[in-house]
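Number of protein chains: 2
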Amino acid sequence: MARDDRGVTPQSEDFSSWFNELVVRAELVDRGPARGTMVIRPYGYRMWELIQSDLDARIKETGHENAYFPLLIPESYLSREAEHVDGFAPELAVVTHAGGKPLEEPLVVRPTSETIVGEMMAKWISSHRDLPLLLNQWANVVRWEMRPRLFLRTTEFLWQEGHTAHAGEAEAMRETLTMLDAYAGLAEEIAAIPVVRGEKTPGERFAGAVRTYTIEAMMRDGKALQAGTSHYLGVNFARAFDIRYTDAADEQQLCHTTSWGMTTRMIGAVIMTHGDDKGLVLPPKVAPHQVVIVPIGRGEQGEQTVLAARELAAEVKAAGVRVRVDDRPQLSPGFKFNDWEMRGVPIRLEIGPRDLGAGSVTVVKRLGDEGKQTMPLDAVAAALPGMLDEFQQLLFDRAAEFRESRTATVDSFDDLRTAVSEGWARALHCGRPRCEEEIKAETAATPRCVPFDSPEETGACVRCSQPSAYGKRVIFGRAY
Amino acid sequence: MARDDRGVTPQSEDFSSWFNELVVRAELVDRGPARGTMVIRPYGYRMWELIQSDLDARIKETGHENAYFPLLIPESYLSREAEHVDGFAPELAVVTHAGGKPLEEPLVVRPTSETIVGEMMAKWISSHRDLPLLLNQWANVVRWEMRPRLFLRTTEFLWQEGHTAHAGEAEAMRETLTMLDAYAGLAEEIAAIPVVRGEKTPGERFAGAVRTYTIEAMMRDGKALQAGTSHYLGVNFARAFDIRYTDAADEQQLCHTTSWGMTTRMIGAVIMTHGDDKGLVLPPKVAPHQVVIVPIGRGEQGEQTVLAARELAAEVKAAGVRVRVDDRPQLSPGFKFNDWEMRGVPIRLEIGPRDLGAGSVTVVKRLGDEGKQTMPLDAVAAALPGMLDEFQQLLFDRAAEFRESRTATVDSFDDLRTAVSEGWARALHCGRPRCEEEIKAETAATPRCVPFDSPEETGACVRCSQPSAYGKRVIFGRAY
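Here the protein sequences line up with chains A and B, keeping their order. Mapping the first sequence onto the working numbering, position 375 (from 1) lands on 375, and the numbers just tick up by one. Mapping the second sequence onto the working numbering, position 375 (from 1) lands on 375, and the numbers just tick up by one.
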C-alpha cells in the first residue's frame, strides 16, 4: 500500500501501524532489548516532563507530599491481600538471585506499591493526629504484559502513584474523587483530551479496591483509553497490613485508604487523540517545541535568514514560548517542513530572503487554517501566545466533537454492536459480570464506566433484558 | 551512655550511631523490608527534589536532554565490556522469572546504564552530524551492597546518570570536566559543601573508564565522601557496543563516550557535613522548611498568636521563603523548639502574647548567633532572605575551615597515619596499586584524588620512598 514519503503508514489506512511506526519515526520512543520494554527518547521524555510538572503541582496543591518506596518487595507481601495477589501474580517479574547468591525470599519488582506502602503506613500511623497521611511517588513499575505495546502497555512504565490513609470512609471517598478531578484537569487542560469521569463496574475494578473511578478518552479510531484511575480501597489493605489509629475516644480503628495512578500511557493518549495522516499533532502545553523557525536561503542570503531567525527566537522565547530554530545546514526547507509536521509542532515560522526584505514572516499552523499566512516580523512574538492558546482550544474542541459524533445512545444489542464498531455506546445494563463477558465475547466491547454526569434512567438490559443496574446508562466501547 | 531527650546519640559521642539514629528520627528515611533498601520519607524526599531541580537546570543549561532507558538489561550486555562486568557482577540483582515462567535469558536490574545506553547509541548515531549526543536520565539503580548504610550505600538508590557520545577525545574530555564542575557547583552553592575536585588514581576508577574524576567532601568525623563522579570512557564502550560515526571524510570512527552520576548519597553528605549534637543543620537551599514559626500561648492568647503566625507566614512566603507554621495543638512550645532544632530548620520564629503586644517576634538561628534576638514583626519578612543567605554562607565557611583544620601535608608514613586518623593527608605517592593497598591495609585510608588545584611537586613516596607519580600530592583519607 501507499506510504507517504516519510515512511509512516497513514492513520486512515491502518491505525495500529500508523501508531507503531509514528512513535518510533518521530523519535518519541524506541524498543528496548528486553521484551516489551521501551526507551523514551528526549522528544518523548520532554512531553512526560511537561505532564509531570503540571500534575505534580496539582498533587502538591491538594496537600500531598512526595516520597519514595523501594522497587523490590518481598513476594509474601502481595499475598496478604487476596484479590490483589490474584490480580497481579500473573504479571510479576521476580528477582531470585542477588549479590551472586540465591535469595532466601524472592523479591518482586513492584507492579504497584499498595503493599509496601501499607507496611510503612502501619509503622508511621498511630493516632488520629497522624491522619490524613497523603503521599505520592513518581516511579517506574514492571508488569509482564501478554501483548505489550509502546506507550500503552509496556513491561516497564513510568507513573505516579498516590497512597493516602484516612480516619473514615467519607474523607477517603472525597480524596478518591479529588484526585480523579486532578487527572481530568490534566487531561483536559494540558493534554487537550476531553474525558468522561465515571465509576468502573465491579468486573473492571482494581485488584483489591472497593470502588474504582476512571477517566476515559476516545482515540481517533473510536476505541477507549483509560487515562487515569483512582481507587477507594476501603479497609482492605488496612486489614491486610494492620494500618490502625487510635481515635479521639482512644479506640483502635482501621484506616480507610486510597490509591491513584497516571502513567506514560498519557503520551499515547495524546498521540492517538490528536494525530493525523501527516503524523503527530501536539497540544502546545505538552509540545517540546511549540514553535519551530525555519530559515530559508543559500549562501549569504541563508546566513541573513539564520541570523534573523535567531533574533526572532530570542524574542519568542522572551514571550514565554518554547521555540527552536532549525538551522541544520544539510537539509532542505521542504524536508524540514515535513519533518516538523510529522513531529507535530503546533506552529511553524518560515523566514526566506523575500520575507526578510518585506519585514514579514510566513506562519503555518499544523492544523486549522488552510495554507500559509504572512505576519509582520515585529508583531509575531507578541501574537504567538494567543495563537497557541487558540490552537490548544481547537484541539480540545475537535476531539470533543469527534467523540460526540462517535457516541450513540442505544437500546438494542444490534445498535450496540454497530456503535462499538466505530465508537462508544450508551446503554442500560443489568450489571451482571456474566452478561458483561458475553457482550465482550461478541463485540470486543467492555463497560468503560458509569459516567457521573449522565441522567438517571432505568429499564431493560441492552443484552439480556433483565432490569438495569446503576440507575443510569453505562458507556461501552472497545478499549486499549 | 547518656542520650539526649530526643533519643539520638550525640554526634560527639558516636558519629555512626548519631547518623543512623538521626536520619530515622528526623523522618528523612526509614528502612525498607528488603535488605539494604530505604524508604525516603517526605522530609528527605523534599531535599532530593531541591537538589534535583538545581542539578537538572545545570544539566539542561549545558545542552543535555533527559531520556529514560529500561530498568531491566539482558545479562549478556554487561559481559561485553570486560572491566565493567568484573566491577559490577558481584553486586547484581537478577530477574530469572517473569509472567509466571522462567526467562530464556536472565535480566539484571540496572546497576548503571552504560551498556543499554551504548546499545541504543549505536542505533541512533550514524554521522558526525548526530554528534555530540548529550543524554541524561533520572532513575533508580540497584547494587547489592555488602555493608548497606542509609543514604550512603543502599541496595537501591536514586540518581541521575549522564551519557554522552562525541567525535573525539578532546571534546569528550571537556564534557567530562564540565559535568564535574556542575557537580561541584551544586555541592558548594546549594549543599554548602566545599569539595576538592580531582582525578581518581587508576585503582579507584569506575569499571570500564579511562579516567575518573571526583568531587570529595570531608564529613565532620574527618572521613571523605565521594559526592559525584564523572568518567571519560575513551572508546571502551564504543568498541563493545559498536558506537560508530562516519566522519566528514566519510570514514568510520569510534565515538568517545562519557558518563557521570550524582545520587541520593548527597543527602547523606549534607547531614554529615553540617549536623551537630542537636541533630540536623540544613543549608537553606536544601531545607524543606527554611523558617518555622511557632505560636505560643493558651486559650484566647493562643488563638491570637496562631492568627498572627499565619499572617506572618503569608508575608514570609511572599518574600520567596519556604515557611511552615507549627500550630499542632497537642504539643508544647519546648517540644516544638527541640523538634525543629533536631530537624535542622535554619531559622525559627517564636510569637508569644508578649511579642504580639510589643509588635515583635523572637528570632532563633539554628547555628551562629548565641541566644535569641528580637525583631519588629513588620520587618521580619523582608529581612529573612538576607538572613538565610548569610546562614547558607556561614555553613559553607564553617565546613571549609573544618576541612582545612583537619588536612595535613605529610612527608612521613607516621604523619600520614596520624593525619588520616582524624582527617586527610596530602602526600606524595608512587602511584603503584600495590603500595596503595598496603596503605589501606595499615591505615584504612585510600587515595581520594589527585586534586586539580594543588601545586606541582615531586619527591619520594610517603610509604615506599620510590619516586612519586602524578607530579603533585595525592589526598589520602578514610572514606564512606
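If you're looking for bench data, these hints aren't it; they were derived computationally from the structure. Take the hints with a grain of salt, since some may be wrong.
As the list makes no split between identical chains, a pair holds if one copy fits it or if it spans any two.
Stated by the list, open to error - Distance condition first, Cα-Cα at most 25 Å in a straight line; then the derived DSS-like pairs of lysine-lysine:
hint, residue 1, residue 2
1, 60, 285
2, 101, 365
3, 278, 101
4, 123, 101
5, 472, 440
Each hint, compared with the structure:
1. 60 with 285: both (20 Å within a copy, 19 Å between copies)
2. 101 with 365: neither (59 Å within a copy, 50 Å between copies)
3. 278 with 101: For residue 278 and residue 101, neither the intra-copy (53 Å) nor the inter-copy (41 Å) Cα distance is at most 25 Å.
4. 123 with 101: Classified as neither; 30 Å inside a copy, 34 Å across copies.
5. 472 with 440: within (20 Å within a copy, 75 Å between copies)
In this structure, the hints that do not hold are numbers 2, 3 and 4, in rising order.
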